[in-house]
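Got chain A sorted already, so can you dock chain B onto it with the hints?
The listed protein sequences correspond, in order, to chains A and B.
Sequence positions in the first sequence follow this note's numbering and run 1 to 572.
Sequence positions in the second sequence follow this note's numbering and run 1001 to 1184.
Worth flagging that the hints you see were computed from the coordinates, not collected in a lab.
Incorrect hints may have been included.
[Claimed, not checked] No more than 30 Å apart at the CA atoms, straight line, and that leaves these computed lysine-lysine pairs for BS3-like:
id: 1; chain 1: B; residue 1: Lys1012; chain 2: A; residue 2: Lys134
id: 2; chain 1: A; residue 1: Lys291; chain 2: A; residue 2: Lys311
id: 3; chain 1: A; residue 1: Lys460; chain 2: A; residue 2: Lys537
id: 4; chain 1: A; residue 1: Lys500; chain 2: A; residue 2: Lys460
id: 5; chain 1: A; residue 1: Lys206; chain 2: A; residue 2: Lys311
id: 6; chain 1: A; residue 1: Lys500; chain 2: A; residue 2: Lys462
id: 7; chain 1: A; residue 1: Lys383; chain 2: A; residue 2: Lys460
id: 8; chain 1: B; residue 1: Lys1130; chain 2: A; residue 2: Lys311
id: 9; chain 1: A; residue 1: Lys291; chain 2: A; residue 2: Lys383
id: 10; chain 1: A; residue 1: Lys311; chain 2: B; residue 2: Lys1066
id: 11; chain 1: B; residue 1: Lys1066; chain 2: A; residue 2: Lys291
id: 12; chain 1: A; residue 1: Lys350; chain 2: A; residue 2: Lys291
id: 13; chain 1: A; residue 1: Lys383; chain 2: A; residue 2: Lys537
id: 14; chain 1: A; residue 1: Lys383; chain 2: A; residue 2: Lys350
id: 15; chain 1: B; residue 1: Lys1066; chain 2: A; residue 2: Lys134
id: 16; chain 1: B; residue 1: Lys1066; chain 2: B; residue 2: Lys1079
id: 17; chain 1: A; residue 1: Lys500; chain 2: A; residue 2: Lys537
id: 18; chain 1: A; residue 1: Lys106; chain 2: B; residue 2: Lys1012
Just so you know, these numbers come straight off a predicted model, no measurement behind them.
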Amino acid sequence: MGNIRTGAQILWESLVREGVTTVFGYPGGAILPAYDAMLEYPIRHVLVRHEQGATHMADGFARASGEVGVAVATSGPGATNMVTGIATAMLDSSPVVCITGQVGSKLIGSDAFQETDVTGVTLPITKHNYLVSKCSDLASTIHEAFYVARSGRPGPVLVDITKDAQQSSCEFVWDDTPVQLPGYRPELRASEAEYQRAMELINSAKRPVIFAGHGVMLSGAMDLVREFAERANIPIAMTLLGIGSFPALHPLNLGMMGMHGEAWVNQAIQEADLLLAFGMRFDDRVTGNVKTYAPNARKIHIDIDPAEFNKNVLVDVTLAGDLSNVLRDLLPTLERGDRAEWLSAISEMKGDSAVRDVQNLPDSGHLYAAHVINDIWRMTDGKAVVVTDVGQHQMWEAQYYRHQDPRSLITSGGLGTMGFALPAAIGAKLSRPDAEVWVIVGDGGFQMTMCELATIAQEKIKINVAIINNGYLGMVRQWQEFFYERRYAATPLLSPDFAKLAEAFGLRSASVSKRDEVEPTIEMARSESGAVVIDFKVDQEDTVYPMVPAGADLDAMIRRPSLSPIVETADD
Amino acid sequence: MRHTFVVLVEDKPGVLNRVASLFRRRAFNIESLTVGHTEIDRVSRMTIVVDTDVNGARRLEANLYKLVNVLRVTDLTNKASVVRDLTLIRVAATNETRTQVMQLVDTFRSRVVDVAPDTLIIEATGTENKIDGLLGVLEPYGVLEIVRTGRVAMSRGQQHPLDSPDPENEEMSTEPDDNVSYSV
Chain A
1 MGNIRTGAQI LWESLVREGV TTVFGYPGGA ILPAYDAMLE YPIRHVLVRH
51 EQGATHMADG FARASGEVGV AVATSGPGAT NMVTGIATAM LDSSPVVCIT
101 GQVGSKLIGS DAFQETDVTG VTLPITKHNY LVSKCSDLAS TIHEAFYVAR
151 SGRPGPVLVD ITKDAQQSSC EFVWDDTPVQ LPGYRPELRA SEAEYQRAME
201 LINSAKRPVI FAGHGVMLSG AMDLVREFAE RANIPIAMTL LGIGSFPALH
251 PLNLGMMGMH GEAWVNQAIQ EADLLLAFGM RFDDRVTGNV KTYAPNARKI
301 HIDIDPAEFN KNVLVDVTLA GDLSNVLRDL LPTLERGDRA EWLSAISEMK
351 GDSAVRDVQN LPDSGHLYAA HVINDIWRMT DGKAVVVTDV GQHQMWEAQY
401 YRHQDPRSLI TSGGLGTMGF ALPAAIGAKL SRPDAEVWVI VGDGGFQMTM
451 CELATIAQEK IKINVAIINN GYLGMVRQWQ EFFYERRYAA TPLLSPDFAK
501 LAEAFGLRSA SVSKRDEVEP TIEMARSESG AVVIDFKVDQ EDTVYPMVPA
551 GADLDAMIRR PSLSPIVETA DD
Chain B
1001 MRHTFVVLVE DKPGVLNRVA SLFRRRAFNI ESLTVGHTEI DRVSRMTIVV
1051 DTDVNGARRL EANLYKLVNV LRVTDLTNKA SVVRDLTLIR VAATNETRTQ
1101 VMQLVDTFRS RVVDVAPDTL IIEATGTENK IDGLLGVLEP YGVLEIVRTG
1151 RVAMSRGQQH PLDSPDPENE EMSTEPDDNV SYSV
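Next up, chain A with everything else stripped away, as it sits in the complex:
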């Protein structure tokens, strides 16, 4: 019994043994014993300004590196503030461990000060959660929590620790052997018959399309996907979270699919005879109307989570398992193919798309978001880690920043959480200090979590923030334009002077409203050693094209008018 520690010490001892070096958190009464003990351990603690930021930072940390991100908060409001961040991580399968303090175990159920049933609140939005009320359960629970968070389909795990469990002492026992959970099956394996059916469909397909989802990166299957696509000459379409899993400039890369996917991508899907879904889940933003979705295509669904099979779209073959393992099993029987006819048919579908591109409009003095994003892409050589928020700028980023590398786009896809970008970028930068990190965020989303500018200043975090400021909640405004007769209810948005605001936090800033100022300002931001906030004042009523209205057929797209009414004169 020589190894006696307090629960608080055991918490940090266990986190350090799980490889944790950085945590994002905010102290408070019920977690104070843990904070006191933290000073004895080699942990960098980032003090956030709101606990939502802590979970987004842990999430960004996890997405940029593949390592588990850790967020810490106190009981009650501290923990409930984490809820949005936890749900964000859940929907996007991000491995995050949240540690929350809880009131003393004798007070549970008494409505004590800052008491909330946090395991109850987070039950449907965590992969699993724990309430620890005994010191002796702490080490094994932390070990288990990390295992559950990162294995199988990753996700957030919350560990709620009572104050008395942190304060009391017990022997510290660390069991380093792999966790054995009797009911937990992180990976299944499909039958040989399913593999055979899959290979028959693949080898005989004339017009196949591969879908690359987030699972490609989570599984680390980028090279295998590439080998698969190149050998059989199958073009690849990406989901929003799949961007980066296959190089954007590779000739087989079609681009993003779905609601704001390029026209030819959606058209190719509708004409395909086989869809190969790699680690994606046929989200409604991807499929449009499921009744008319890919009507000619057989569908093969590969996913680590069998609960995704036949959920939104009925498929012909399901292959459960880690994508890398499944592809390794499929590759030996994959036949070479040229599929020249199909690839040239897709090229023809591209048609006049290029001339519709806002990039190719003459400079009328107006600044469009596309120009800003395209310039950031060009000047960073496509090598930056870009963290986006939710809305129009998110879709423009997906269209105009050509991501070559995995984990180089970090964005809230499933939950669509405004306010995600700024804190997530802080986490991304801390997990990959050598990466150039850019935040691309709207004026609406930025104001949801802009308090984290103080975190950036205090922690001296070098990131660049490009605010795409159009004075509207732009994506909502766009829906109002198309579907609500331009009745702009609650979308015009008055914002502070973002440049002055950044200065108030002690950060360098700039304000840009002309196309020729974009490049030098990006250059300035890149050469500056501290964080830079740039307020790009862009065209107010620009629209994301193409657009498949929610629930419409995938090929029923609203296209950018080619004789565009948005080509204005400089003085209108």
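Quick look at chain B alone, frame taken from chain A:
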């Protein structure tokens, strides 16, 4: 159609909540849910009845397996199994009607477990159909109160849920079993 699942879970705090929450979260309606201890230490057994189609049942099974504390899920719907519901019925019974009521109870192979001057409590075990039948014939006498456990089920023969195919090794079967039998 109605699906009957037997779910073995770790006996830990909050597990019932996790399972019930999953059904609500995925918009499945639970018709009945029973839970109790098993012959295995720290393992509880739930019998859950849900109205859903074959694909829904398969997804439900996959979702149940995602809960860390769920050990085994067996869909007994198309398997030969013994299915029972336990019911207590308080029925009005005066001196004039008591004998008639007790004869009906005998016919349904049920028992009277409490006698009061104006009422009887009847304990009935059987399939839901049988109990519905008993309730039907008692109705004219005045059914004052009922409590039903909901369905409990066990597969026939020697197969224990833990011996049934594990999804790790075998595809989940949705094929119907031909020797379905429901005896009273």
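So, going through the hints one by one against the coordinates:
{"no.": "1", "hint": "B:Lys1012 with A:Lys134", "in the structure": "holds, 15 Å"}
{"no.": "2", "hint": "A:Lys291 with A:Lys311", "in the structure": "holds, 13 Å"}
{"no.": "3", "hint": "A:Lys460 with A:Lys537", "in the structure": "holds, 26 Å"}
{"no.": "4", "hint": "A:Lys500 with A:Lys460", "in the structure": "holds, 19 Å"}
{"no.": "5", "hint": "A:Lys206 with A:Lys311", "in the structure": "holds, 26 Å"}
{"no.": "6", "hint": "A:Lys500 with A:Lys462", "in the structure": "holds, 19 Å"}
{"no.": "7", "hint": "A:Lys383 with A:Lys460", "in the structure": "holds, 22 Å"}
{"no.": "8", "hint": "B:Lys1130 with A:Lys311", "in the structure": "violated, 36 Å"}
{"no.": "9", "hint": "A:Lys291 with A:Lys383", "in the structure": "violated, 39 Å"}
{"no.": "10", "hint": "A:Lys311 with B:Lys1066", "in the structure": "holds, 15 Å"}
{"no.": "11", "hint": "B:Lys1066 with A:Lys291", "in the structure": "holds, 28 Å"}
{"no.": "12", "hint": "A:Lys350 with A:Lys291", "in the structure": "holds, 25 Å"}
{"no.": "13", "hint": "A:Lys383 with A:Lys537", "in the structure": "holds, 25 Å"}
{"no.": "14", "hint": "A:Lys383 with A:Lys350", "in the structure": "holds, 26 Å"}
{"no.": "15", "hint": "B:Lys1066 with A:Lys134", "in the structure": "holds, 26 Å"}
{"no.": "16", "hint": "B:Lys1066 with B:Lys1079", "in the structure": "holds, 24 Å"}
{"no.": "17", "hint": "A:Lys500 with A:Lys537", "in the structure": "holds, 14 Å"}
{"no.": "18", "hint": "A:Lys106 with B:Lys1012", "in the structure": "holds, 19 Å"}
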